[in-house]
Each structure stands twice: as structure tokens, then as C-alpha cells.
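Trainee: The lines below spell out each chain.
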Amino acid sequence: MRRETRIATAAIILVVILAGTGYYVYWLSTQGRETLTISTTTSLYDTGLLDLIKETYEQEHPNVILAFISAGTGIAITHAKNGDADMILVHSPSQEYTFMNESYGVNRKIFAYNYFTVVGSASDVAEINQTNPILALQNIYNYGMAHNTSIWVSRDDLSGTNSKEIALWTAAGYNYTELKDLPWFVSSGLGMGSTLNVADEQSLYTLSDIGTYLKYKAEGLITLEQLVGEGQELLNVYSAIAVNNTTVSSVKFDLAMDFVQWVVGETAQQLIADYGVADYGQGLFSPAVDILESESPAQIYGWIRDYAFFDEGGTLYECPPSWQVGEYGLYS
Amino acid sequence: MTVESDLIQITLQSLFVSGSAALLASAIGLPIGLLLGLKRFKGRSVITGVINSLIGLPTVALGLILYLMFSNAGPLGFLDLLYTPIGIIIGQTILVTPIMISVTTETITSVDDSIRDLALTLGADDKGAAFTVVRESFGGILLASSASFSRAIAELGVALMIGGNIRGLTRVLTTSIALETTRGEIALGLGLTFILITLILVVNAGLGLLRKRVQWWLWE
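Here the protein sequences come in this chain order: A and B.
Read left to right, the first sequence gives residues 1 to 332 (the numbering used here).
Read left to right, the second sequence gives residues 1 to 220 (the numbering used here).
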């Protein structure tokens, strides 16, 4: 009997310690702070920009915890629809349009842009260097059809980058679904970094966001070259969208709008402009808010408008009036 | 890089989450394992068979099922467990409880007959005989707990899908390794991997020492 008492005592002490630790952790993490859950795309998160944004924002707003859930644009939107995220930071205008059109999202703000880039090994067998994206894809297609060896790797994961790739293949005159069955077309199903590794190992071409590419290149993980760079077709636009609290009642709408206002403000825009300059010799993202307000430089403004604005009644808007809620001074 | 300053916090979070899961799984699994090991009843082999196969449950599948349950759009959404450490603890507990039950049952069954008969011959009652069996299989039960802990701290699917890898809240060692690898910080990922492996080794070695102490203590 004495033994059993001892065992019981030991068990109780263990449980008390566990419960104590658990309560302590809970107490630490709550302490009157509110959590804003933001579902975001991997290309923003993996560059480390959002870590910097989190630190800065939490310093300025000590009662808020920014919780970033990093996933592809597709799953980020699903999280938001399920009410598991209060807002989204994504880069796929067509998917964003559907999301907002189903009345899940309101108050969209474009806050940054950069360019996708077509990368490949330096030998450049399909001769796409210095061409334009459309011609490059046509050359790759022709080379693939002629040689039947693997030449292109696609993420094929419905991410924002994958959406862009599908749009580019369509613009070049091919059907993405049919391309996937061709022997020279590799579907990785992986994130951007892993896909770059696949392309590097097997000397394939692929489409990458500039941030992940520069990071991998700077770390010496890949030897791929940037073959087709900037240009209207390769534009990549990042927007913030708050989840509509009339459709999804559980979301923290006010907290989300605070953050949207902050991210288009001066501090955040400067942060975005400077990010990566020291490490990579060029910024990974360009702030978009000033360009949209001043409509200059006219060329970039035109590109963003044509690519990422939504049509309502024949006019193009960053966020159509019927999807704007409340007065937050976001739209001029 | 940001992770270095968070390293201690991530390691402690991993220990806390997976340690809690292993303890909870032990608390749930031990009685069930004892019951299955000591008693003979109809349907017992079916139950042990099902539990044995649940050991192989893919973590990503469990993560997906739990995400659908814990999501605000899911049946348990009101509990607000998604993206919390408590959510991961629950998920990992479900994941490792079958290991706890299975190993306990097996170890009890393997000492059962001879020792139990001996205890009964020496004049112990049923309860006393059962206690003798448990004492004899203490090593196996401890192995079950340490295996549960190792599986919990080494799994990725549940921690990623239920925890969301939120920095400072639900980031654990395995999700950090996955993140740093996709970020191209291979060296950092490798460093985290060594920490994880070291932790598993230390905990298992610690439990090995504990086993000798406690067994000695149980015998007096």
C-alpha cells in the first residue's frame, strides 16, 4: 500500500507541474494582448520581410500579436474563408477577385510589387536569355517538343506564382492542363525554394518570384541565372485584404483594418523599400502606395492597373466601391 | 537571422508541447494498456489490432482531420484551439496514445502468465498479482512513454497544420526546420536538426537512468 501511495503522490506532483507550466505559458501569451491572424503567401514570408514587419508593428502596438500563417495563396484564401484568418496578404489578382466577389473579402489595398523572373542554367539550351516571357516560353516549348527531355519545372500547387505561370503559358498560346502531360514538363508540387533546387539539380527552367531566387542565389544554394527579368508580363502585385465580418462573423475586423492602415502607411512602405538592399544589393519588393496615389511613374502605374485592378461598371479600381466598407481613408 | 534569438524559446516550446502530449498519452494509454494486457475478453484482439494499426497514422492526415475539426467553420471551432499550443498538444496526444497503449499491452502480456501465477501461488490476491505484473513490466511502460515522446517531438504534420508555425506561439523544432529549409537557411535547419536529435537522445537516456532508480525504489 505504501508503494501505491508513493506512486500516486509522484503522479499528482507531475500533473501539478504540468498544469502549472501550461497555465504559466497561457498567462504569458495572453496578458491582455489580442492576436491578429494573417494568412500569407510563402514568397512574402520566406524572405523574412514579415518577421521585420511583425517586430516593428508589435513595438508600435504592444497589445497586438501578429500571427502569420505562411502558405500558398490557395490555402491562404481557404483559411480566410473558414474564418481561421482575419486578413490575407496575397499575390494573385484572379484568385483575389473570386474571393472578394464571393463577399469574403473587403477593403483591398495593394501595398507592394516586384517581378517574377524566368530562371535557368547558364548554358541556356533553349536560348531564352534577353527575350521576353512569351517568346521564352515558346522557345522552351519548341525545345521540349524537339528533344523530349525534361526542360521546365512547374510548382503546380495553385500558389500565386503558379497562377502567374498558368497565365503566362496561356498568353504564349498553350493549355497548361495539356502541357502537364508532356514528357518534358515536370510538376514538382513543392514550394518555391524546393522547386528552385529541383531546377538547379536537373538543369531545368522555371518561374520564380525574385525574392526567393535572390535569397537562394546569395546563399550559394543554386547556380541558376536570371534569364528573363522585368517587364509587364512578369509583374507581381501584393495586396492586403480584410476578411468581411458580415460573411465570416468570427474575424477581428477592427484589428485587421488597423494593420491594413499601417501597412500602407509611411513606416511600413519605407520598410518594404529598404528590405534586402543591404543583403542582396537590390530591394526584394517595391512599395506601391505612392505610385497608386500619384499615378506616377505612369508606366508602372499603368501596368499595375491593367494587371491587378478590378473592373466595376466599366471603371478599374484597386478596390471597387461596393467592396469598400467603413471610413479608413484608404482610397483617394 | 531571427531564429537564433528565438532558439531557446522554440526548444522549450517543443519540450513543453511534446512533453505534455507524452504525459497525457501516458495517463490515457496506461490504464487502457493495463486493461488490455491483464484482462481477457471478447473483442480484445480486434481492439488491439485496430490500435496497433493506428500507430502508423500519417501525421499529415491527422493534421488535416484536426484542422477541419478545429477550424472556425468546423464542429469544434468554438473551442478556439486552432493555432494554439493546446491544439498541438491535443493532436500529438491523439497521435501517440496508440503507441503508449500498444507497447504497454505487449509488455504486460509478455510477463503476464508466469509472474502472475507465481504471485498468486505465493498468496497474493488478484489486485496484488496485477500490481506485481505492472512492476515487472515497468521498463516496458517507460519505453512506451519515451517512444511516445520521441514520436511527438519528431512529428511535423500536426504541429504545422494545427499550430500554423506562428513565431513565438506555436513554432516548434520540426516546423522551424521545415521553414528554415524552404527559406534556404540550410545550415540553420541542420543546426536545429542536431538540437532535436540531441533532445531525443538526452530524454531517452534520462528515462533510462530514471528506470533504474524507480525500479529500485519500487522494490525498496
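If you are wondering where the hints come from, they were derived from the structure by calculation, not from laboratory data.
Everything numeric in this text was worked out from a predicted model, so none of it was measured.
Do not take every clue at face value.
Partial chain A-side listing against chain B, Cβ under 10 Å, derived [stated by the list, open to error]:
(1) Ala10
(2) Thr42
(3) Asp46
(4) Val64
(5) Ile65
(6) Leu66
(7) Tyr115
(8) Leu221
(9) Thr223
(10) Glu225
(11) Gly229
(12) Arg305
From the three backbone atoms N, C-alpha and C, an ideal C-beta is built for every residue, glycine too.
Trainee: Can you give the numbers of the hints that this structure goes against, from lowest to highest?
Mentor: 4, 7, 9, 10, 11, 12
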